[in-house]
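Please construct the entire structure, taking both the sequences and the accompanying hints into account.
One letter stands for each residue in the lines below.
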Amino acid sequence: MSSSTYVQLVDLAKHFGKVRALDGLSLDIAQGELVALLGPSGCGKTTALRALAGLQELDRGQLIVDGKDVTFQNANKRGMGMVFQAYSLFPHMTARENVEYGLKLKAHKTAGDKRKARSAELLELVGLSTHANHFPHQLSGGQQQRVALARALAISPKVLLLDEPLSALDAKVRTQLREEIRRIQIELGTTTLFVTHDQEEALSIADRVGVMRNGQLEQIAAPSELYDRPKTSFVAEFVGLTNPISGKVSGGSIEILGSVVKTLPGSVTSGTGIALIRPESIDVVASKSGNAKVAAASFLGASCRLNITMNDGAKVTAQLPSSDAAGIGAGATVSVSLLDMPVFVKAAG
Amino acid sequence: MKRTWGVRIWRWSIIAVVGAYLLVPLYAMFDFSTKPFGFQDKGRTFRAWQIIPSQQDLMISIARSLITAGIVMSLILFLIVPTAIWVHLKLPLLRRPFELLCLLPLAIPAIVIVVGIAPLYRWISIHLTESPITLSGVYSMLILPYTYRSLSAALDAVDIHTLAEAARTLGANTSRVIFGIIMPTIKTGIVNGSFIAIALVMGEFTISNILNYKTFQVVIAQIGRTNGNVAVAVSLASILFVLVLLLAIPTKKRRSAVLDVDLV
Ligand SMILES: Nc1ncnc2c1ncn2[C@@H]1O[C@H](COP(=O)(O)OP(=O)(O)O)[C@@H](O)[C@H]1O
Ligand SMILES: [Mg+2]
Chain P
1 MSSSTYVQLV DLAKHFGKVR ALDGLSLDIA QGELVALLGP SGCGKTTALR ALAGLQELDR
61 GQLIVDGKDV TFQNANKRGM GMVFQAYSLF PHMTARENVE YGLKLKAHKT AGDKRKARSA
121 ELLELVGLST HANHFPHQLS GGQQQRVALA RALAISPKVL LLDEPLSALD AKVRTQLREE
181 IRRIQIELGT TTLFVTHDQE EALSIADRVG VMRNGQLEQI AAPSELYDRP KTSFVAEFVG
241 LTNPISGKVS GGSIEILGSV VKTLPGSVTS GTGIALIRPE SIDVVASKSG NAKVAAASFL
301 GASCRLNITM NDGAKVTAQL PSSDAAGIGA GATVSVSLLD MPVFVKAAG
Chain Z
1 MKRTWGVRIW RWSIIAVVGA YLLVPLYAMF DFSTKPFGFQ DKGRTFRAWQ IIPSQQDLMI
61 SIARSLITAG IVMSLILFLI VPTAIWVHLK LPLLRRPFEL LCLLPLAIPA IVIVVGIAPL
121 YRWISIHLTE SPITLSGVYS MLILPYTYRS LSAALDAVDI HTLAEAARTL GANTSRVIFG
181 IIMPTIKTGI VNGSFIAIAL VMGEFTISNI LNYKTFQVVI AQIGRTNGNV AVAVSLASIL
241 FVLVLLLAIP TKKRRSAVLD VDLV
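Protein sequence lines correspond, in order, to chains P and Z. Mind the numbering: the first sequence is residues 1 to 349 in the working numbering, read in order. Mind the numbering: the second sequence is residues 1 to 264 in the working numbering, read in order.
Bear in mind the hints are in silico, worked out from the structure with no lab data behind them. Just so we're clear, the structure is a prediction, and the values are computed from it rather than from any experiment.
Some, not all, of what chain P presents toward chain Z, calculated at C-beta under 10 angstroms:
#	residue
1	Gly54
2	Leu55
3	Tyr87
4	Leu103
Derived lysine-lysine pairs resembling DSS-like cross-links, with alpha carbons at most 30 angstroms apart:
#	chain 1	residue 1	chain 2	residue 2
5	P	Lys106	Z	Lys187
6	Z	Lys90	P	Lys18
7	P	Lys104	Z	Lys90
8	Z	Lys90	P	Lys109
9	P	Lys68	Z	Lys90
10	P	Lys116	Z	Lys187
11	Z	Lys90	P	Lys106
12	P	Lys68	P	Lys109
13	P	Lys315	P	Lys248
14	Z	Lys187	P	Lys77
15	Z	Lys35	Z	Lys214
16	P	Lys116	P	Lys158
Beta carbons: idealized from backbone N, C-alpha and C, even for Gly.
Right, here's the structure in full:
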């Protein structure tokens, strides 16, 4: 890992008045990797990204890109490509002129013919060849962000920085465009830092996802690892849905819903704890002598979500493949058990 | 149906009243300027208009006032606009004070300003030059309220922070950001502000008269003392000139649409 480390954020700190936007954030990114920074609004994601771009001064910390310390380098010399949350195309320039803009400046000066070829190639890459001569106000939101992506990539940036580029778009365009961003990123091999507050977005597109909280990195791991083996209750609860169910912890296991399952490192080690159970870890079988009743069932396509009331009054949400849920509807009596997956257990109360 | 007729009549009568209010004086000026004013005139004459080009003083003063307006324009472009952009971009705390400062010339009567700057201009005319072009200094102060307002409105209509940051990450330095990105974006605001400024410079009388500079309006007043018809003809011509200028301000054409970019 460290041998191929390309970008290093070391112990970054920045405060605005009393707000600590960054509070000792450290992060390594490998060459060609796409890392997503995920966290609730206000946790410092944008500040971290802007610091790496050179748009935000820091109180403390160090930024290293490609072996060089760039902490005090000006934004216009850093060669970072940035796509902003707000629409940021230059309104008096066409899509093509926007893409070519960086290539006309001293830092990335490119001769006329090459520049034309490059902008054509990039507009092609983002699927907007036919819109090259459109002005921004003639483009939809999604198209504008595509042009912004092409513009950022035109300068062959050392790192591509994306600050919630999809948050202003509607759901369908959002999923489509995020897949395209990933395709283009892999095709060009551009090291990328992608900031979002949408966990589905982060998990679906990134090589690794870093969860941020209060200006610090809580955990960074591959999406599946983050989902299955959260290191803190914050990560467990922020990434994906969880059912909080209390039980007795002892010897690295917890007893809940009649089963005993292993606890993850970082969990409570003794006494009563609250296990954070994924809906997919709960197994539901129709059974006359079951320990629970289905309150509501919603069909989600490939899977089915069941809101269940246990006989002792506890409420849990389970999600299982639609084929397994056939015949289980609202009002059905079911028996609920746990799949054998390690769970995170937080302190009770 | 009846109501729409009522609305229509109402609307047209308002337009008629306002139109008459604006046009009757202009017509009166035209009427006066074509009245006979010499023994050789019989009935209507355009002699007052024909004489205009032969008035040496007048022509020189027009040229000077235009040059002054040109200087004021370039001061707007290279000093006031970049300053306004800078304040909006980098010094948000200074926005209020800056705005107040720019509004001051409206609050202070021209005559008070003259009293204040008279010594300065006396010094200038003794030690440097007597040219009325030096008035561009005080004029660029007088036009601030109008110019700054229209710039400020244009700057607020666009997310200039994000545009500036986007340009910086692409490699633009500060002057490129201001002149290459933000100024073209607020072009309409700049053009509007400049035209209003030109109209103001061409029409200014109080200050130049008291400071004894022969600007366009001062010369018109002088001519008026010897030949009313010519003076009125020139005034009418200058009003029409400024009117054309103001009408030329682009309203909703092609590129001016940049200000309507929706940021949603
Ligand atoms: N320029 C600024 N001035 C004052 N406070 C700021 C500024 N930028 C960010 N903040 C504060 O810093 C915190 C982190 O902001 P930000 O990095 O934008 O969060 P995120 O992008 O994760 O939503 C927030 O509480 C925000 O209000
Ligand atoms: Mg943000």
